[in-house]
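Colleague: Going down the list, the sequences are from chains A and B.
Read in order, the letters of the first sequence correspond to residues 1 to 325 in full-length UniProt numbering.
Read in order, the letters of the second sequence correspond to residues 1 to 501 in full-length UniProt numbering.
Just so you know, these hints were derived from the structure itself, not from any lab.
Cβ coordinates follow ideal geometry from the N, Cα and C atoms, glycine included.
Mixed in with the good hints, there may be bad ones.
Stated by the list, open to error - Taking lysine to any residue pairs in the SDA-like style, the calculated list, with each CA pair at most 25 Å apart, reads:
| no. | chain 1 | residue 1 | chain 2 | residue 2 |
| --- | --- | --- | --- | --- |
| 1 | A | 317 | B | 187 |
| 2 | B | 458 | A | 149 |
| 3 | A | 30 | B | 405 |
| 4 | A | 186 | B | 206 |
| 5 | A | 314 | A | 138 |
| 6 | B | 458 | A | 33 |
| 7 | A | 186 | B | 202 |
| 8 | A | 317 | B | 206 |
| 9 | B | 458 | A | 114 |
| 10 | A | 288 | A | 306 |
| 11 | A | 240 | A | 33 |
| 12 | A | 317 | B | 185 |
| 13 | A | 314 | B | 185 |
| 14 | A | 317 | B | 239 |
| 15 | B | 458 | A | 160 |
| 16 | A | 186 | B | 379 |
| 17 | B | 284 | B | 250 |
| 18 | A | 317 | B | 338 |
| 19 | B | 284 | B | 418 |
| 20 | A | 288 | B | 195 |
| 21 | A | 186 | B | 284 |
| 22 | A | 114 | B | 198 |
| 23 | A | 288 | B | 20 |
| 24 | A | 317 | B | 455 |
| 25 | B | 458 | A | 182 |
| 26 | A | 288 | B | 340 |
| 27 | A | 259 | B | 199 |
| 28 | A | 278 | A | 264 |
| 29 | A | 138 | B | 198 |
| 30 | A | 186 | B | 486 |
| 31 | A | 186 | B | 177 |
| 32 | A | 186 | B | 178 |
| 33 | A | 278 | B | 341 |
Said to hold, decoys possible - Away from chain A, derived, C-beta distances all over 10 Å, residues of chain B:
| no. | residue |
| --- | --- |
| 34 | 134 |
| 35 | 167 |
| 36 | 285 |
| 37 | 342 |
| 38 | 421 |
| 39 | 425 |
| 40 | 448 |
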Amino acid sequence: MNRIISVAAGLALACGALAGPLAAQDYPSKPVTLIVPFPPGGASDTIGRVTSQTMQPGFGESIVVENKPGANGALGAASVARSAPDGYTLIAASIGTFGINPALRSDLEYDPRKDLEMLTIAVRTPNALVTRPGLGAKTVEELVAKLKAEPDTLTFASSGTGSSDHLTAELFWQVSETTGIHVPYKGGGPAQTDIMGGHADVSFQNLGNIANYVREGKMELLAITADERSPDFPDIPTMKELGYDGLEVYSWQAFAAPKGLPPEVKAKLSEGLTSALKTPAVTEQFAKMGFTVVANDPAAADAFVADEIGRWSKVIKDGNIQPEQ
Amino acid sequence: MELISNLGLGFATAFSFWNLAYCLIGVFLGTAIGVLPGLGPVATIAMLLPVTFGLSPETAMIMLAGIFYGAQYGGSTTAILVNLPGESSSVVTALDGYQMARQGHAGKALATAAIGSFIAGTIATVVIAFIAPALSNIALAFGPREYFSLMVLGLVASVVLASGSLLHAIGMIVLGLLLGLIGTDVNSGTLRYTFGRFELADGISFVVVAMGMFGIGEILVNLENETTRTMLSRKVEGLMPTRADLRRIMAPVARGTTIGSVLGILPGGGAMLASFAAYALEKKVSRQPERFGHGAIEGVAGPESANNAAAQTSFIPMLTLGIPSNPTMALMIGALIMQGIQPGPSVISEQPALFWGLIVSMWIGNVMLLVLNLPLIGLWVRMIGIPYHFLYPCIVFFCVIGVFSINNATFDIWLMALFGVAGYVLRKLDCEPAPLLLGFVLGPMLEEHLRRAMLISKGDPTGFFTSPISAGLLFVAAALLISILLPAIRNKREEAFQEEE
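Next up, chain A with everything else stripped away, as it sits in the complex (with noise of 0.2 Å):
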């Protein structure tokens, strides 16, 4: 009787499995596995959640969540890379999977451009130039000129190495001719943390992250690397407005999925996660957490992925951060 039973599963299995390609249109016909490759509570968990959550009413079939963290999401991404392209597993992960990683490592089992392709990004947020109290420069322009005096000297905390607040510490010195002690730490908190008790001197922090330590007046900010300045410190200057070009700099978060999707399955994917992404309180749940929704489409994406890529790798060539493998 078991053997019968057994046998019988067996068979709906695999009926199951040979079903599944031929039916790009019955698509979504089975749950969907969204891979974040951090662990919980984390940025892109946490925009992967709401937004599948809010999907899923419309979209017909369950969403689930699966955590798969490690080697700052080449993990997750490497196996999103070896899943079949039916729509049935998808990624939700950061600029530092998608746009760092391929520029910064050489060992990777995944490229974004070759292996994935991207549904949308679906949030960001700028970074805010941020000093300790009492360093003693208030304007951009204060410390550029404290940093050509005494080169070398000032510490820059990050949230790591190869992370986006770190590249962009790179890039400044770059723009701005100068340089600096990079510090980097275990993530952005104990980053801030030293900042505030004076043990390091600046850092490029999210602005959604820093802005109430800002308005404690436990750290300075001196601007931020966006297009335009942000509704909730007007006074305070984007870098491209002081001269500094290419120092438009965004965190962002993604979804992706595995190369070669049928077109109306990723029709339907982009469809779903823009339009969950755009409801008035997943936007205004997001822009608690100091992000804009982008949720532009796929092709954009694509496009906009690449740039970042091409971007950081120069970033990185220039000043030679490159870790031995």
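Since the structure of chain A is provided, determine the placement of chain B on it from the hints.
Modeller: Leaving out everything else, chain B in the frame of chain A:
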């Protein structure tokens, strides 16, 4: 006077029906996930985050905090019963707690942990209420130099943890340090000792090592030994501590609470040091240090109190500065931000109901935990009376699920099996796993803070001695080291150990 009106507001908030209900849900869930090895508060809170959007900020925080300290509480249950520490703080609880359980005192060990935690939690709550704002700046005073010196002290203290040979203990610490080096180098981003496997890029998870070395290793040892296969001696003595026991644990609870309350305030790993700093202290002040590692009730009472006190005071940097002390706190900050509240110094003045309500709810939660857990002790003790050939497959089963659930990676299960075998072999060689685990946890932090401090000082090491906090910690570490290494003391240790054998 202001304090009384503040606490009044706190009680009014915490005693509302829904807040009490969610507090209960939180501590119950926390206990459950704490008891199950592997599944931790971080994953649980991440999954519950969307649920909290619909609640008021006070209610959400009360529930999430309940999960956090409930899990600390539940974790010690598994450590005592089946020698499975799910996080670094319960490693030391397993040392003497499991020995007590083997000798038939499981009930007493569990009750000691419960009572110690309750007292510590109560005192720490009062500490937060009175001096939280004043304490907040201590967190900022600790930079890389100070943390480095704290870790040095921690490593020296971990030698005290071993109950056997000093040389073996040092060997195990060094082995732990080496294992801790696996992964990505923070400064350069270079992968070290990963053998080309990206699974090792973030290092080996603590839970994998702890479950392998303690849990699986223990099972292998038990299975080998046919005669002592029933894990516990048959006689199970009194479930509750006697009056004499209670008298004996009072001082350790008080000392543990003090250490825990102070270390908990430091966001860069202070809370983690609390439980074994307390253990090391108990062993140092004890008149019979040789009993430690063989079922000393003080070895359960001190660390458990310290652990719980630190769990409570680790809320101070979050509530007063918006700095998370650990990943669970980072999630809670995320929950607050989603509610439109930016954690920081203004929370106390702008959200008094949230701040004081949360503090009072912690105390209520501790009462609930005590009421919830004391009656369960009888049940737990009966559970480990189950014949071992039924019990051990269950333990292995839960270990495998627990380890898998951390990263959703089968690689971790193989790694745990490997550490299980290693744990068995090391036990055969009379090498204890606890010092290894501490080396494993502290080593990478020591390296990280040392290199960061040297980067910031541009290679000048004098800062370690000119910062008063750092110099003080190094002085204590040196004094402790001398007291350990003085040959007279070492001889005494070994004599005592041989008598026991």
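Colleague: Which earlier hints turn out false for this structure, listed by number in ascending order?
Modeller: Violated hints: 5, 6, 8, 9, 10, 11, 14, 16, 18, 19, 20, 21, 23, 29, 30, 37, 40; rest satisfied.
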